[in-house]
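There are 2 protein chains.
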Amino acid sequence: MTAGLTTAQLTEQHRPTLDQALEAIRTRAYWSPHPEHPKAYGGADASGRESLSPAEGQAAFDELRGRRFELDQPGADGWTATETSPYGIELGVEYPHPDIEVLLPAMRAGMPAWRDAGPEARAMVCLEILARISARSHEFAHTVMHTSGQAYMMAFQAGGPHAQDRGLEAVAYAFAEQTRTPAAAEWTKPQGKRDPLRLRKTFTAVPRGIALVIGCNTFPTWNGYPGLFASLATGNAVLVKPHPRAVLPLALTVRVAREVLREAGFDPNLVALAAEQQDEGLAKVLAVRPEIRVIDYTGSTAFGDWLETHARQAQVFTEKAGVNTVVIDSTDDYQGMLDNLAFSLSLYCGQMCTTPQNLLIPRDGIATDAGPKSYDEVVADLAAAVERLLGDDARASALLGAIVNPGVKERLEAAPGLGATALASRPVPHPDFPDATVRTPVIVKADGARKFWEAGDAEAPYLSECFGPVSFAVAMDSTADAVDLLRRTIRDKGAMTVGAYTTSADAERLVEEACLEECAQLSLNLTGGIYVNQTAAFSDFHGSGGNPSANATLCDGAFVTSRFRMVEVRRPL
Amino acid sequence: MTAGLTTAQLTEQHRPTLDQALEAIRTRAYWSPHPEHPKAYGGADASGRESLSPAEGQAAFDELRGRRFELDQPGADGWTATETSPYGIELGVEYPHPDIEVLLPAMRAGMPAWRDAGPEARAMVCLEILARISARSHEFAHTVMHTSGQAYMMAFQAGGPHAQDRGLEAVAYAFAEQTRTPAAAEWTKPQGKRDPLRLRKTFTAVPRGIALVIGCNTFPTWNGYPGLFASLATGNAVLVKPHPRAVLPLALTVRVAREVLREAGFDPNLVALAAEQQDEGLAKVLAVRPEIRVIDYTGSTAFGDWLETHARQAQVFTEKAGVNTVVIDSTDDYQGMLDNLAFSLSLYCGQMCTTPQNLLIPRDGIATDAGPKSYDEVVADLAAAVERLLGDDARASALLGAIVNPGVKERLEAAPGLGATALASRPVPHPDFPDATVRTPVIVKADGARKFWEAGDAEAPYLSECFGPVSFAVAMDSTADAVDLLRRTIRDKGAMTVGAYTTSADAERLVEEACLEECAQLSLNLTGGIYVNQTAAFSDFHGSGGNPSANATLCDGAFVTSRFRMVEVRRPL
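Going line by line, the protein sequences match chains A and B. FYI, the numbering for the first sequence is 1 to 573, going by the UniProt record's numbering. FYI, the numbering for the second sequence is 1 to 573, going by the UniProt record's numbering.
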């Protein structure tokens with residue numbers, strides 16, 4: 001597609017998808033237009049759109065390496081290269097470094113036309129961007145893998161179709177909220193025997209300004225797309241400031257977005273990249289610029305709190321750190337529970353914001369379908385389940401991926417100092433990338449007696465986030481105590497996820513009430529192929545926005561409603 | 001109705017009204033369930049609900065005066081009386097003063113049951129509260145009149161049915177946003193030849209905590225109800241801190257709300273009053289309490305900015321001050337324009353946040369259906385229109401109401417020092433209340449040469465808000481200059497309203513583009529019975545939320561979406 005894209009063409013192609021997305025967020029039933037099987041890609045689909053096969057994706061990625069990544073955006077004052085693959089290969093990609101005094105004004109120029117296009121045309125352009133990204137999912141998978149350290153299959157699924165789903169979901173919410181008010185209305189107020197009062201009113205969704213997306217290292221596309229597409233779909237220009245270790249997936253995204261915008265007759269500068277120099281701190285500079293009116297951020301609590309405090313001119317959406325808990329009270333599927341938890345602890349070396357950290361287990365043990373199990377037995381059986389899951393090196397590598405940065409490795413290596421080690425970490429040789437740092441998770445035993453956690457962090461290492469493959473098996477005096485610790489942890493530290501296993505209606509009620517009152521998302525008795533650390537777009541909320549781990553959720557009305565305002569013009573009719 | 005109210009009774013009675021409100025906010029057509037004609041009240045309506053006649057309303061108001069206003073809320077540590085009627089009558093009402101260490105915990109106790117009731121039951125209770133308030137509109141009118149200084153008819157309409165409309169509108173938005181996610185869903189994800197993954201999910205709208213409503217002096221109910229009802233309908237408890245000069249209308253509201261909550265089986269402490277001592281500064285104390293998670297505020301820019309900066313634990317919705325502009329370029333109904341503006345400047349002594357302040361008129365005059373008019377002619381003709389409108393003292397009193405507080409009077413008296421007086425203010429004797437301070441508005445001439453307003457406030461008094469019956473007739477070098485000044489004023493000072501008169505498509509486009517880019521609500525060429533300073537619930541947005549005069553609008557999705565969060569619980573199916 002090199003010829004201009006008309007709105008009619010885009011609408012014909014994408015409006016049915018938007019309608020399905022709108023239906024999905026209403027019913028919360030399973031739905032996705034983005035296949036998650038790698039073999040679904042390659043050749044042309046029913047609509048004639050070509051996608052890259054696995055081999056073509058690999059080739060396209062190789063083409064990107066070792067050269068400058070050209071973006072024809074205004075205001076470049078040099079080049080920057082800051083990425084290192086966690087798998088040890090040389091990326092060698094250089095990106096234009098922005099002169100923001102030139103770039104920001106250029107980004108504003110196209111906003112009136114983008115605003116005037118209206119919510120549907122904007123949604124259609126966003127869906128075309130997503131469709132082109134989808135077609136290149138295998139190429140994107142390599143870029144995500146070699147910046148985040150995710151294993152290929154996860155980089156493909158989470159960085160490809162699942163990220164695209166989250167982007168599309170944001171577009172659907174943005175469309176729904178902008179169109180809940182009609183574009184125009186006639187208003188006739190009766191006046192008894194006199195003529196009625198009559199007005200014609202028009203309503204226009206207007207953008208806030210330039211939106212800033214501050215990307216993260218671990219999920220550059222999955223965590224980046226919701227904010228990017230929510231802001232773009234509501235009429236804002238979007239400046240993408242990637243994490244310096246994970247530029248390529250978002251640079252490629254920006255390139256595709258600019259290409260589609262230009263073809264559809266809009267200013268490509270509505271989307272631009274702000275790749276920074278090492279240690280430049282560009283996010284801090286951009287975040288307080290008056291032109292920046294919306295910020296989406298995923299990362300540390302410290303910088304998230306800084307943004308919420310200092311970027312007062314902007315609407316700030318943050319996903320920060322939390323301490324995720326699983327309450328283990330009882331189960332009627334002991335092995336299923338252990339296997340499910342083992343997977344959750346292992347996936348991507350525990351480097352997900354949703355990975356459980358604290359496993360709260362009654363000191364006196366639990367009732368199970370395999371008979372009563374003591375605290376020590378549960379911990380030992382869980383350790384064995386992890387070892388069994390990761391026993392084969394090739395399979396372990398494909399599940400664990402690589403350690404994303406030296407900080408995670410340091411925390412992992414320091415973990416045995418935090419308590420008795422129930423499961424030690426081991427290095428796993430990667431079959432394809434000998435320089436990758438692959439490690440199995442560690443489980444540390446801890447005492448959950450009330451006096452320890454009521455005394456504060458120093459006595460209870462499990463009260464602080466230990467991001468990476470470190471979890472704590474915390475011996476609790478009772479399930480009621482476990483729920484109290486859960487409440488305290490959510491309230492003080494936040495939680496992206498909570499899990500619980502119980503066959504007791506009373507215990508279930510206690511945990512559920514704690515999650516409702518402290519505002520955290522709860523998964524109960526998961527066994528089999530669904531894990532506490534995974535959520536599905538269009539159905540599951542990612543985070544709640546109501547505890548300290550995040551001030552927003554993916555995705556709800558609140559995620560989009562303050563990205564635009566409605567301006568009314570009224571005239572006598 | 002003294003027996004318990006069942007949900008079924010409430011739903012049967014109020015669900016049709018809610019559905020009509022939902023339809024109205026979708027179409028923006030004219031609608032209201034609250035009659036604005038005073039004679040519509042008294043006796044029983046079709047549903048058998050009794051309302052107070054004008055005489056009964058007067059009697060009920062007289063009953064309230066000169067005594068303690070009993071509220072059975074916990075944590076009262078004394079009594080306070082801070083009100084003075086702008087009409088000079090003695091109110092003498094004492095309110096319980098709260099011990100917030102007792103009151104705040106008591107308010108939280110009922111929240112889980114209120115949450116569990118769900119969005120529809122909460123909406124029905126809110127509608128019952130509004131219906132009982134509506135039935136007492138004549139009583140409320142007196143309370144609004146004798147605290148705000150509004151004339152009786154305005155106090156009745158704006159403080160009664162129009163305020164109730166805005167409250168209902170907020171309930172409708174809250175209901176729509178909470179129910180866009182279903183209460184429960186089944187999720188089935190195909191797994192090729194394997195069994196599908198299946199989950200049952202429940203979704204619960206959970207409140208943020210206690211919401212604080214900080215009332216204002218001029219529109220205690222109209223500006224108070226949207227936040228109160230939006231927060232209550234989304235499951236929060238609501239603490240109402242009235243302006244010390246306008247307690248009674250909100251105290252009565254709280255009493256009705258508590259009565260309905262109790263009858264419907266909920267904890268009446270979900271709504272409570274926090275009447276303060278004179279100069280106590282209670283809002284500042286409450287606003288930063290950790291229990292307070294939502295704040296609605298109408299008042300000065302200084303305190304609104306303070307809240308936005310310091311109440312970081314809360315979602316803060318503010319309506320502050322602005323400088324409202326009318327651009328006068330040309331008209332095909334010169335007399336209609338003058339009469340319309342004269343009314344807008346006079347209504348409630350210009351003490352509305354929506355009253356125009358700056359009238360921007362080309363120095364070389366304007367084209368009209370009555371021939372070309374010079375700047376001086378336009379100003380003189382407008383002054384004459386105001387004098388004609390207010391020529392009869394009784395009619396003038398009924399339109400002007402009374403000056404609400406000494407600050408407004410001081411500004412009015414200082415106005416002649418700001419420039420040449422085009423229209424002088426005169427005192428109007430009130431036929432019923434000899435001690436009322438009633439004044440006609442003043443119009444001051446000013447020079448709008450670019451050098452003055454580009455130089456800053458000192459040279460151009462019209463760049464600052466002068467709240468009250470003071471407006472500036474600003475001589476501009478051109479309409480284009482007027483639009484530039486309009487833009488600058490909105491951007492720097494904010495605007496709740498913008499008006500414009502023009503017969504030129506080019507000028508109209510310029511003004512409209514300025515309002516879209518600077519985010520302000522625009523009324524074009526209003527003549528006849530619709531005024532720039534009035535908005536209708538369910539159709540018009542009050543403020544935009546996108547310029548410095550307010551960070552929220554009444555009412556849109558953004559006004560409700562962050563008052564609650566959605567908590568999901570998922571279980572294997």
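In short, the hints are calculated from the structure, not lab data. Wrong hints could be hidden among the right ones.
Note: identical chains are not told apart, hence a pair may lie in one copy or across any two.
Stated by the list, open to error - Cross-link-like lysine-lysine pairs, in silico, DSS-like; alpha carbons within 27 Å at most:
hint, residue 1, residue 2
1, Lys445, Lys284
2, Lys193, Lys39
3, Lys409, Lys445
4, Lys189, Lys451
5, Lys189, Lys409
6, Lys451, Lys284
7, Lys39, Lys445
8, Lys189, Lys39
9, Lys409, Lys193
10, Lys451, Lys409
11, Lys39, Lys409
12, Lys284, Lys39
13, Lys284, Lys189
14, Lys193, Lys451
15, Lys445, Lys193
16, Lys39, Lys451
17, Lys284, Lys193
18, Lys189, Lys445
Keep in mind the model is a prediction, meaning the values are calculated, not measured.
Results for each hint:
no.	hint	in the structure
1	Lys445 - Lys284	neither (39 Å within a copy, 46 Å between copies)
2	Lys193 - Lys39	between (71 Å within a copy, 16 Å between copies)
3	Lys409 - Lys445	within (20 Å within a copy, 72 Å between copies)
4	Lys189 - Lys451	neither (67 Å within a copy, 44 Å between copies)
5	Lys189 - Lys409	neither (69 Å within a copy, 35 Å between copies)
6	Lys451 - Lys284	neither (40 Å within a copy, 36 Å between copies)
7	Lys39 - Lys445	neither (42 Å within a copy, 75 Å between copies)
8	Lys189 - Lys39	between (60 Å within a copy, 18 Å between copies)
9	Lys409 - Lys193	neither (80 Å within a copy, 39 Å between copies)
10	Lys451 - Lys409	neither (31 Å within a copy, 63 Å between copies)
11	Lys39 - Lys409	neither (34 Å within a copy, 77 Å between copies)
12	Lys284 - Lys39	neither (42 Å within a copy, 61 Å between copies)
13	Lys284 - Lys189	neither (51 Å within a copy, 41 Å between copies)
14	Lys193 - Lys451	neither (77 Å within a copy, 51 Å between copies)
15	Lys445 - Lys193	neither (82 Å within a copy, 40 Å between copies)
16	Lys39 - Lys451	neither (54 Å within a copy, 68 Å between copies)
17	Lys284 - Lys193	neither (63 Å within a copy, 50 Å between copies)
18	Lys189 - Lys445	neither (71 Å within a copy, 36 Å between copies)
Of the numbered hints listed earlier, those contradicted by the structure are 1, 4, 5, 6, 7, 9, 10, 11, 12, 13, 14, 15, 16, 17 and 18.
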